[in-house]
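Undergrad: If you read the sequences in order, they're chains P and F.
Everything in the first sequence is counted per this note's numbering, starting at 480 for the first residue and increasing by one.
Everything in the second sequence is counted per this note's numbering, starting at 3 for the first residue and increasing by one.
Calculated from the structure, these hints are not laboratory results.
The structure displayed is predicted, hence computed values, not measured ones.
Here are the simulated DSS-like pairs of lysine-lysine, each with C-alpha atoms no more than 27 Å apart in a straight line:
#	chain 1	residue 1	chain 2	residue 2
1	F	LYS207	F	LYS13
2	P	LYS733	F	LYS121
3	F	LYS127	F	LYS101
4	F	LYS127	P	LYS733
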Amino acid sequence: MENSVLTYSLIVGAFVGLASGYLGSLMVLRRMALVGDALSHVALPGLALGLLWNFPPFFGAFGALLIAIVLIWLIENRTKLSTETLVGIFFTLSLSIGLLITPEPELLEALFGDIAKTTPLETFLAVVFSLIAIITVSKIYNRLVLGTISNDLASSIGIRTKKIDFIFLLIVALIVALGIKIVGSLLMGALVIIPAAAAKNLSRNLSTYSGFSALFGLLSAAGGVYLASHLGFSPGPIVVLTSSAVFFISLIFKRA
Amino acid sequence: MSEDKKILEVKDLSVSFDDFNVFHDVNFEVGRGEVVAIVGPNGSGKSVLFRALLRLLNYQGTIHWAKHTKIGYVPQKLFVDNQFPVSVGDFFSFKTKSKEVVIEALNSVGFAGDFNQLKKHLLHKKLGALSGGQLQRILIAWSILNKPDILLFDEPTSGIDVGGEETIYNLLHKLQTHSNLSIILISHDLNIVYKYADKVLCLNKEMVCYGAPHEVLDPQSLSQLYGGETKFYQHQHGE
Chain P
480 MENSVLTYSL IVGAFVGLAS GYLGSLMVLR RMALVGDALS HVALPGLALG
530 LLWNFPPFFG AFGALLIAIV LIWLIENRTK LSTETLVGIF FTLSLSIGLL
580 ITPEPELLEA LFGDIAKTTP LETFLAVVFS LIAIITVSKI YNRLVLGTIS
630 NDLASSIGIR TKKIDFIFLL IVALIVALGI KIVGSLLMGA LVIIPAAAAK
680 NLSRNLSTYS GFSALFGLLS AAGGVYLASH LGFSPGPIVV LTSSAVFFIS
730 LIFKRA
Chain F
3 MSEDKKILEV KDLSVSFDDF NVFHDVNFEV GRGEVVAIVG PNGSGKSVLF
53 RALLRLLNYQ GTIHWAKHTK IGYVPQKLFV DNQFPVSVGD FFSFKTKSKE
103 VVIEALNSVG FAGDFNQLKK HLLHKKLGAL SGGQLQRILI AWSILNKPDI
153 LLFDEPTSGI DVGGEETIYN LLHKLQTHSN LSIILISHDL NIVYKYADKV
203 LCLNKEMVCY GAPHEVLDPQ SLSQLYGGET KFYQHQHGE
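When you get a sec, could you build the whole thing from the sequences and use the hints?
TA: Spelled out as structure tokens, the structure:
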């Protein structure tokens with residue numbers, strides 16, 4: 480990897496890792512860790528369209544995620560099917576469509592990510608969107624946690640839980656679309672789940688938990704990208720291995 | 003009851019989910035400083051009634067709160083386990099940033115001490131690591147942070163020993179007399195109802211009885227409420 484490209488991909492890794500870790504802390508608390516995983520598969524057809532028609536795959540992925548989230552939200556509010564069932568259906572359906580329409584040479588890149596071709600524009604977009612995600616989520620973080628602890632209690636003090644849940648889902652879509660660039664759609668779940676799981680082992684309160692989770696996200700994404708470029712491996716799996724290492728170390732220090 | 007003494011008036015309240023009727027035609031009112039108990043078997047719609055009073059779901063009929071009424075709500079449980087990384091201090095910070103307000107509320111529910119002592123022994127603890135009785139008192143302290151006029155108290159069905167429950171009701175009683183707080187409580191224990199409630203509302207899909215506990219909790223309404231022969235009731239009138 481050339482030096483300038485390595486710098487770009489390190490910047491993307493650091494910012495997207497930070498944002499994924501921070502958002503992931505909420506997703507783990509809300510027991511939607513696997514929703515993030517499944518959503519990343521939903522992004523695949525959009526990603527494929529971007530590759531086919533030559534527009535940035537990020538926009539394709541984000542578009543596909545938006546459609547899926549709005550559909551899930553609508554169906555959930557109109558039928559009695561659970562989110563889990565719905566996500567399960569959308570997930571396999573779109574993974575199949577994605578596998579069919581993704582051009583074969585690009586299939587590996589779509590599934591496992593490729594940060595080695597990062598352009599300055601993509602770097603800029605990743606930094607800006609990551610910051611937007613972090614700032615937006617920090618403003619609704621406490622309300623989301625209270626809604627997780629007790630939805631009724633949150634509503635009773637005037638928190639509009641449905642609205643902030645939806646905003647949160649939109650931000651999740653944004654971060655998943657960004658993260659796919661680094662680790663690909665098969666491994667995106669790891670980027671949001673593992674840092675938070677490690678942070679949970681070490682935390683007794685919310686600020687330590689969210690802080691550690693963001694930090695671990697940053698360290699494992701940037702560290703993984705750096706290691707991968709030196710070892711000559713694809714970055715996606717190395718990022719996941721790095722964050723898994725952080726998780727296993729956190730187990731040693733786990734507090735009762 | 004005169005209008006200015008009334009804090010809540012409920013008329014012909016019905017709630018149904020799709021085709022399923024949870025309860026229908028419930029009527030009652032709550033005066034300032036009054037304690038109203040709601041009793042009924044599991045699934046009789048007690049917690050749903052609370053959710054309707056908080057306007058968390060759709061209902062038919064009218065729920066009229068007096069102007070500027072502040073409502074405190076104490077839910078039955080929280081969805082936290084002992085791994086959940088939210089401390090007692092975090093929980094209070096969701097509602098107020100003022101240390102003084104938190105200390106005052108904690109002191110009034112029986113956690114003694116100044117800020118440093120409470121921080122060390124209580125505020126640092128994980129919410130999910132508290133005992134059932136401690137959590138109850140924390141929830142009550144949380145609900146009275148903004149000095150509500152009325153408390154909706156959903157009693158937990160289990161997890162608190164009898165001694166613990168006694169303390170909670172003594173505590174509620176103290177709060178109620180001290181600050182003229184009205185309380186609506188969902189209770190599973192008729193002893194508590196006889197001891198603390200001014201009025202009782204029996205709910206089982208419909209309003210089975212309503213009035214002073216010693217007057218309306220007769221064998222007939224209890225068997226209508228809980229089915230079959232209910233051994234538990236107190237005979238006191240005219241005998």
